[in-house]
Each structure stands twice: as C-alpha cells, then as structure tokens.
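A.B. asks: Full structure from sequences and hints, please.
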Amino acid sequence: MVRMRELNAAGIEKFKDFLAAMRETGESETSLPELLSDETYTRLIPNKIEIELGNFSTKYEIAEYLHEKVSKISAEKRYRNVGMWTWLAVFFFDELCPADTEGSRKIGADSRYILNGEEWDRIFRHLLAGPVLIYDLHRENSIILLYNPVDETGDFLAQLMGRQEIGTNRGVIEAARILYWDSLKKRPKRSSSPQEHKPGTLRRFVDVLQQFDLTYDLYSISGEELIQLLPGEFRLWSAPKTK
Amino acid sequence: MIRKFNYTGRKKIERNDISIHLVKDTTPHPYFDLKITASSEDFPDDAELFVEAYDRSSFMRFHCGTLKNPKFPEDRHLTEIHSTDAIHFRVKVVDPSTQHGKILAVADRLTSVGESLEDTKHRSLLPVTYADLGKEIWKLDFRDIGPVLTVNNKIEDVNVTEIVKSSDLFFSLVYPSVLREILVRILVIDETFEEDEPELWQNLWLTFVESLPEVTKITDSREFINPDENQDFFLKWIEDEVIPAFCRKYQIREKFESEIVRV
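If you're matching them up, the sequences are chains A and B in order. When we follow this note's numbering, the leftmost residue of the first sequence carries the number 1, and every step to the right adds one. When we follow this note's numbering, the leftmost residue of the second sequence carries the number 244, and every step to the right adds one.
Note that these hints are calculated values from the structure, not bench results. Treat each hint with caution, since some may be false.
[Said to hold, decoys possible] Computed cross-link-like contacts, DSSO-like style, restricted to lysine-lysine with a CA-CA straight-line distance of at most 30 Å:
1. Lys77/A - Lys498/B
2. Lys48/A - Lys106/A
3. Lys255/B - Lys77/A
4. Lys106/A - Lys382/B
5. Lys397/B - Lys16/A
6. Lys198/A - Lys345/B
7. Lys77/A - Lys189/A
8. Lys382/B - Lys77/A
9. Lys345/B - Lys397/B
10. Lys14/A - Lys498/B
11. Lys397/B - Lys106/A
12. Lys267/B - Lys382/B
13. Lys408/B - Lys397/B
14. Lys378/B - Lys72/A
15. Lys314/B - Lys14/A
16. Lys77/A - Lys345/B
17. Lys382/B - Lys498/B
18. Lys14/A - Lys311/B
19. Lys378/B - Lys345/B
20. Lys106/A - Lys186/A
21. Lys345/B - Lys408/B
22. Lys69/A - Lys106/A
23. Lys72/A - Lys106/A
24. Lys185/A - Lys106/A
25. Lys254/B - Lys77/A
26. Lys106/A - Lys378/B
C.D. replies: Quick look at the structure:
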C-alpha cells in the first residue's frame, strides 16, 4: 500500500517531458517509480488515502476502486486536483499505457494522463478522472460505458458521453444499460453498436433521444420509463432472451 | 441555412424574459438568482418550472414551483457543477398532467458569469476560460454551446484574468480576430444551422453583428439561402462591413493607441 500523493507544478512538467521524450524516442531519463515519491516533485495529499496496484481488466474496475478511495475527498475538490489525478496516472502508468511484447509503449495525448484542470469539459479525456466521474454519476449503470480495457475508449462511451444532455442523464444511461448490456457475457450485446444507424441500435438510440429531448422532460424519467417510450425497433433489445 | 419545424407546439421562452445572475458568497460554490417575466397566460396553472444548470460533465436540476407562482429553493448553490467559468442554464416549463412530463416551453444555453445583469449580457456570447496553452496566448474553441475564448493562464508574471477583463490592448488585438473567426466558422466552414432557433449561438452572433451600425442584414439576403455557393460573398461581407463596423463601434484603434504608449 502507498500513501496517495499529488504532483506539484514542477512534477507535472517533469511528467510532461517524460511523455514527450517517450513519444519521440521511446525512452526517457525520468524514472516514474522515483518521480512518484520524490519530495521535490510531489507531496502527500492531506487525506490519508492508501492505494495499491491491482489487476484491473476494465475501466469500470479501476473506476470503482478509485471512486471508493477519492470519495474521502470533499466533492468540490475531488475532480479539481490536477496534481493528484496526474500523480495517479503516473502510479497506474502501466495500466494506462501498457508496453507491448517488445517493451514499447504507444503514448497518447497528454490530456489522457495530465488532467486539464481549467477546461472541465475535457475531464473525460483523462483515463482515470473521466471513468471515476462517470462511475460517480451512474454507478452500476456505468458498466455500459466503462467495460473496455483501461487504455481504450469504447463506442458507447464516445457516443453517449459526447453529449452533455445524454451523458449526465441517469435515466438515459440506465436505459442504455438495460437495452444493450449482456450481463452473462459481461460485454455489450452483439451487434448493438454498428457504425450505421440501424434500427434499435446505439446510434439510433442517440437519434431518438435527441428527438425526445425536444418533447419530454427526460431528466424526470427513469430508465424503465424511457424504454416504455421508445419505438418498436428497440423491443428486440429490451426483450428477455429466450432459448 | 436549415429550417426547423416545431411539430410538438412547444413554446419558446424569450431570452429577454429571463435574467440569471451568479452570486459568489463565502461558500466554495456560487449560487444563482433567476428572474422570469414570461407570461403564464398561455400555460396551465400547474405548469411546473425547472431550472437546470450544467456544463459538459455535470448537471443540477432545481424545481422552482410553477410558472404562475415560482418558488425558488432556498439553497441554489451549484455544488455539483464542476466548471466555474462556463456554466449554462436551461429553463423548462413542464406539463405535470402527462405521464412523462411533456415540455411546454424551454429556453436553453443561457449563460451568466457575472453578478449583475450587465455582466450577463456582456459575456453571454463569448464565455472565457483559462488553460495551459503552451506557447499560444489564446485560441477559440468551438463547442456545442458556441465559441469559447480560452486564454493561456501560464504566462509568467501576468494576471491574465485581469488583462482579459480590462486591457484595451488585449481587446483591440484579440477581439476583431475572434469575431472574424467566428463568422467564418458560421458562414463558410459549417454553413448549416437552424435559422429558426434564435437561441442558437450562430443566430445570436449574427443578430449581434447585424445590429452594428452600417452593416447590411445578411440573413435577409438571397445568398443566405445557399451558403455553399456564396462563400466569397460572405467573406467580403465580413471583411468590408462587419469587421470595420465592429472596430468603429468599439474604437479599436483608439483603444490600441491609448494603451500602447504605456508599453
């Protein structure tokens, strides 16, 4: 177990340099394990929170784990601490940016690892703060958004969280989970999110929601109620499976 | 541009009928004050009033009584809204007699960042945010809610917020370019938006520029119907009419001259 820390401004710059060097040459002089506890670049956060590495196979698992940890931090500070979320990205770097069999890593944009603390609509780009916030909003229903490996972004996440009025609506995400989540296989139902707007599938769901949003007060509707409102093309997905 | 049909008979609440002020107190989160002067005559007596505050990643909803008799909750602090500088509001009138809450009227994308109505009006078109932009000083970011001006907050030894608020030099160098970029985006790059939705950011910007002295009303022109065939016309209108009119009205050269002598 390790006490959770936060990077200071110099620490964030050091990590940014690490990412740039890795992107350019595949190597860096900075040692992440050393950076994690270096007093020059980090400090302990006031809340005594301890964390450890684990085998997190999905965004959901790591979000559930971290949500429990950061819930000790007051709501107004939880998603604003850039240093803490960036330190967490360093701590879980092997999960967020795994090495391939030859040991090389594909480094993504800085915003995947360094939280943009000023532009809050960019929080979903961060590979840890984004999933934790989604879990915070939607709890068990967030599985439909967070089923992918930690370093990947799924289609459901991209389609549903890209729109504020959909992404923050608990009833809508609940309805998406009921319609499209296969709880036995622990993945979205087969063929539920093709690229085309086929009847009853994810992109049609978003289309219909945008029409409904003009007519119904969607924030007052539960997931079950929303499914009752959907046109017949969605019945295939909501019907229980029969052999 | 695209025309949109209102099949559901949903009514609009005019922006002028709503004023929203954000107020900061000693708590970590601001609260909102809202005044609504929309007539309740066309609505059922029990039509419910909701105010929704949101940014891209968070949302709060307040039940505010009925349109006829608004009753605002005592605690209107925006405790669950993450953003401090780009909060938007939606005001809804909902029919409670239907099973799924039919929307009778709505006003969306309302903004307020100031504590006075003047601030609200002044800034609602162009919210400002601050971020680390590396070597850039400012940039325009086009979001669902419209353009947002982002200014680099990592410039050493400079109070960027103060400069944005009160520097004539900043205003004179940045805002004409901002206006040009926004109009090019609306008329040349995007081309399509729903012209019958006055609350849409594109319509708000066009209304603003058409109110400038000596600017021809482009939305009444024949070219406006087929934007993809008239890009040169729009570019000429922006360069020859809008930007000069904006610079005249806001005395851009005078602003620049008055401050540059102190540099």
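A.B. asks: Evaluate each hint against the coordinates.
C.D. replies: Right, here's what the structure says about each hint:
1. For the proposed pair Lys77/A and Lys498/B, the alpha carbon gap of about 40 Å is over 30 Å, so the pair is violated.
2. The suggested pairing of Lys48/A with Lys106/A is violated, with an alpha-carbon distance near 33 Å, which exceeds 30 Å.
3. Note on Lys255/B and Lys77/A: the hinted pairing is violated, with a Cα-Cα distance of about 37 Å set against a maximum of 30 Å.
4. Of the pairs offered as hints, the one joining Lys106/A and Lys382/B holds, with about 28 Å between alpha carbons and a cut-off of 30 Å not exceeded.
5. Among the hinted pairs, Lys397/B with Lys16/A is consistent with the structure: their alpha-carbon atoms are about 15 Å apart, no more than 30 Å.
6. Taking the CA atoms of Lys198/A and Lys345/B, the gap is about 27 Å. The hint holds against a cut of 30 Å.
7. Distance restraint check for Lys77/A and Lys189/A: the Cα-Cα separation of roughly 37 Å exceeds the 30 Å cut-off, and the hinted pair is therefore not satisfied.
8. Taking the CA atoms of Lys382/B and Lys77/A, the gap is near 27 Å; set against the 30 Å cutoff, the hint holds.
9. Restraint check for Lys345/B and Lys397/B: not satisfied, since their Cα atoms lie roughly 47 Å apart, outside the 30 Å limit.
10. The hinted pair formed by Lys14/A and Lys498/B fails the criterion: a straight-line CA distance of about 41 Å is larger than 30 Å.
11. In summary, the hint linking Lys397/B to Lys106/A is supported, as the alpha carbons are separated by about 28 Å, within the 30 Å threshold.
12. Between Lys267/B and Lys382/B the CA atoms are separated by roughly 28 Å; this keeps the pair inside 30 Å, and the hint holds.
13. Restraint check for Lys408/B and Lys397/B: satisfied, since their Cα atoms lie roughly 17 Å apart, inside the 30 Å limit.
14. Distance hint between Lys378/B and Lys72/A is unfulfilled; the C-alpha atoms sit about 37 Å from each other, more than 30 Å.
15. Taking the CA atoms of Lys314/B and Lys14/A, the gap is about 52 Å. The hint is violated against a cut of 30 Å.
16. Of the pairs offered as hints, the one joining Lys77/A and Lys345/B is violated, with about 36 Å between alpha carbons and a cut-off of 30 Å exceeded.
17. Between the alpha carbons of Lys382/B and Lys498/B the distance comes to roughly 21 Å, so the proposed pair stays at or under 30 Å and holds.
18. Of the pairs offered as hints, the one joining Lys14/A and Lys311/B is violated, with about 58 Å between alpha carbons and a cut-off of 30 Å exceeded.
19. For the suggested pair Lys378/B and Lys345/B, the alpha carbons sit about 49 Å apart, so the restraint of at most 30 Å is broken.
20. Of the pairs offered as hints, the one joining Lys106/A and Lys186/A holds, with about 27 Å between alpha carbons and a cut-off of 30 Å not exceeded.
21. Simply put, Lys345/B and Lys408/B have alpha-carbon atoms about 41 Å apart, too far for the 30 Å limit, and the pair is violated.
22. In summary, the hint linking Lys69/A to Lys106/A is supported, as the alpha carbons are separated by about 28 Å, within the 30 Å threshold.
23. A hinted pair counts as satisfied when its Cα atoms are at most 30 Å apart, and Lys72/A with Lys106/A does not qualify at roughly 33 Å.
24. Distance check on the hinted pair: Lys185/A and Lys106/A sit about 29 Å apart at the alpha-carbon level, within 30 Å; holds.
25. For the suggested pair Lys254/B and Lys77/A, the alpha carbons sit about 39 Å apart, so the restraint of at most 30 Å is broken.
26. At roughly 25 Å between alpha-carbon atoms, Lys106/A and Lys378/B fall within 30 Å of each other, so this suggested pair holds.
Checked against the numbered hints above, the structure breaks hints 1, 2, 3, 7, 9, 10, 14, 15, 16, 18, 19, 21, 23, 25 and satisfies the rest.
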